[in-house]
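Enquirer: Below are the chains, spelled out letter by letter.
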Amino acid sequence: MSQTANAALRIERLRFGYDGTPILQDIDVAVAEGEFLALLGPSGSGKSTLLRLIAGLESPGSGRVLAAGRPVAGPGTDRAVVFQNYALFPWMRVVDNVAEAVRKAKPTLGWPAARTQAAGHLNRVGLTGIADKYPFELSGGMQQRAAIARALALESPFLLMDEPFGALDPVNRARLQDLLIEVWQRRTPRPTVVFVTHDVDEALLLADRVAVLGASPGRIIAGFDVPFERPRRRAALFGDHRFHELREAIAEALDADTLARLDAA
Amino acid sequence: MTTETSILDAALGDTGAIARHAAEPNAAASRPVPFAWEPWLLWLILLGLWQGIATLIAGQGNPLLPPPTVVFDALWLSLPELLTGTWSSLLILAPGFALAVAAGVGLGLLAGTSPRLGRALFPFAKVAAPVPPTVYIPYAIAVLPTFHLSATFVVFVGAFWPVFQNTVAGAHAVEGRHRDNARVLGFSGFEYLHKVVFPASLPHIFSGMAVGLGFGFILLTVAELFGANAGLGRFVQYYADFGDYPRMVAGILYTGVVTWAAMSVLDRARERALFWLR
Chain A
12 MSQTANAALR IERLRFGYDG TPILQDIDVA VAEGEFLALL GPSGSGKSTL
62 LRLIAGLESP GSGRVLAAGR PVAGPGTDRA VVFQNYALFP WMRVVDNVAE
112 AVRKAKPTLG WPAARTQAAG HLNRVGLTGI ADKYPFELSG GMQQRAAIAR
162 ALALESPFLL MDEPFGALDP VNRARLQDLL IEVWQRRTPR PTVVFVTHDV
212 DEALLLADRV AVLGASPGRI IAGFDVPFER PRRRAALFGD HRFHELREAI
262 AEALDADTLA RLDAA
Chain B
2 MTTETSILDA ALGDTGAIAR HAAEPNAAAS RPVPFAWEPW LLWLILLGLW
52 QGIATLIAGQ GNPLLPPPTV VFDALWLSLP ELLTGTWSSL LILAPGFALA
102 VAAGVGLGLL AGTSPRLGRA LFPFAKVAAP VPPTVYIPYA IAVLPTFHLS
152 ATFVVFVGAF WPVFQNTVAG AHAVEGRHRD NARVLGFSGF EYLHKVVFPA
202 SLPHIFSGMA VGLGFGFILL TVAELFGANA GLGRFVQYYA DFGDYPRMVA
252 GILYTGVVTW AAMSVLDRAR ERALFWLR
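In the order they appear, the protein sequences are chains A and B.
Residue 12 is where the first sequence starts when you use this note's numbering, and the numbers rise one by one after that.
Residue 2 is where the second sequence starts when you use this note's numbering, and the numbers rise one by one after that.
Careful, some of the hints might be misleading.
Pairs of lysine-lysine, DSS-like flavour, derived with a Cα cap of 27 Å [to be verified]:
#, chain 1, residue 1, chain 2, residue 2
1, B, 196, A, 144
2, A, 117, B, 127
3, A, 144, A, 117
Bear in mind the hints are in silico, worked out from the structure with no lab data behind them.
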């Protein structure tokens with residue numbers, strides 16, 4: 012891990028557990044401003060818990076999380092979150108779901124103006140003409156697009172994503188990966204992204220850096236810089252020997268961790 | 002048919018029906034329901050049985066079960082009186098029930114989201130809620146200045162607890178992802194209550210309203226037996242004093258229809274309010 016001195020996001024000696032069972036141990040991470048970090052790990056590695064700690068939805072047992080230099084004490088609109096299960100409010104129109112976020116970013120805005128801006132955010136994620144629909148009228152992929160639009164509407168310096176494309180079919184998944192990179196790159200300054208996934212290819216396609224977590228208890232067992240230039244193309248990536256070396260190295264790190272745990276048991 | 006029977010099931014205390022309903026909401030509503038002849042068959046059989054038994058009993062000179070034709074005659078003749086009675090009953094039921102829903106939902110949402118308020122209220126609710134509200138009737142009539150006021154109060158008490166308890170259950174059952182989202186979006190306490198907890202609790206709230214409305218009707222008619230000079234319960238009680246069995250049966254049937262109509266209105270409101278539940 013490169014310990015950038017002026018990191019936008021810094022996690023220091025963080026521990027977390029439930030009822031004496033350690034979930035996360037000795038987590039030290041620093042993410043530079045505008046960096047895209049992937050948290051990669053098997054189930055049980057506490058990667059989602061780590062994201063919830065950054066979001067402020069959980070409080071650390073010890074250690075701390077610093078966002079823009081300030082200790083995280085709870086959730087805040089400076090850290091937008093996209094969850095896996097397209098967590099739109101099902102009783103609100105799609106546009107109102109996004110407008111709620113617009114209103115948080117710009118509290119002085121009236122509802123009509125907030126709705127107009129929300130429709131704009133929806134357009135930017137490829138959702139046109141569905142603003143007045145309800146979430147249940149949308150496919151899973153479209154709901155997740157709307158969830159991304161809502162996160163972007165908060166205009167937060169941090170974007171936290173918890174396996175956001177995990178429930179999508181491969182075609183939609185690829186489309187949304189491209190969309191995410193597109194909207195992330197277009198925004199100035201670029202938000203700092205923490206992206207949780209268990210998919211090695213997804214991590215290497217999207218991230219600037221990959222932190223690999225081992226399981227039981229969760230801790231960071233390896234870190235890799237992803238050297239590919241943007242824009243990245245899947246075909247070019249699969250033809251690049253560095254891609255396969257990185258894949259191999261990550262798999263080895265995970266295997267070694269699993270074997271060590273089996274030996275211990 | 003699930004959607005149509007659910008509210009009645011709920012009113013009859015069939016918690017299984019509520020659970021089933023929550024599990025597969027609107028499953029029946031989305032596709033056209035084919036014509037079902039079974040209920041009509043049952044109606045016909047019941048009517049035939051009624052006619053048969055009534056004829057048998059009447060042959061022995063017993064007036065206790067008048068035949069359908071006589072009862073429908075009595076119903077037709079008493080319709081003006083019954084309609085006035087319905088109005089008088091509704092003037093008790095509607096404000097009592099409306100107040101119970103307003104207070105039950107409001108307090109339920111607060112007690113369901115504030116641990117402190119919950120700790121204060123739940124022990125009291127545990128003792129007060131199971132008291133059969135019928136026992137309040139004589140006292141309410143003695144203490145409150147008018148019969149209308151005491152009956153309204155009793156309807157209120159009877160409908161309040163089911164609404165309150167179901168609202169609390171609904172507030173406790175708000176899904177973690179909705180809670181997380183509200184927190185991430187920085188919702189204030191009030192925003193969280195009215196934009197998240199209230200809509201998320203609506204399925205529970207409607208279950209509570211159905212039970213409360215059922216209780217409301219029971220208490221209304223019982224209260225009217227005690228001291229009303231008009232109303233549905235009063236109608237049956239009045240003609241019982243004269244031994245006018247056709248009118249008594251007509252009154253019972255008519256009360257059933259009114260209750261069914263009120264439940265249907267509530268069911269319709271539920272379907273409209275919970276359209277997003279898939």
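Enquirer: Evaluate each hint against the coordinates.
Expert: Here's how the hints hold up against the structure:
no.: 1; hint: B:196 to A:144; in the structure: holds (18 Å)
no.: 2; hint: A:117 to B:127; in the structure: violated (45 Å)
no.: 3; hint: A:144 to A:117; in the structure: holds (24 Å)
Taken one by one, the earlier hints fail for this structure only at number 2.
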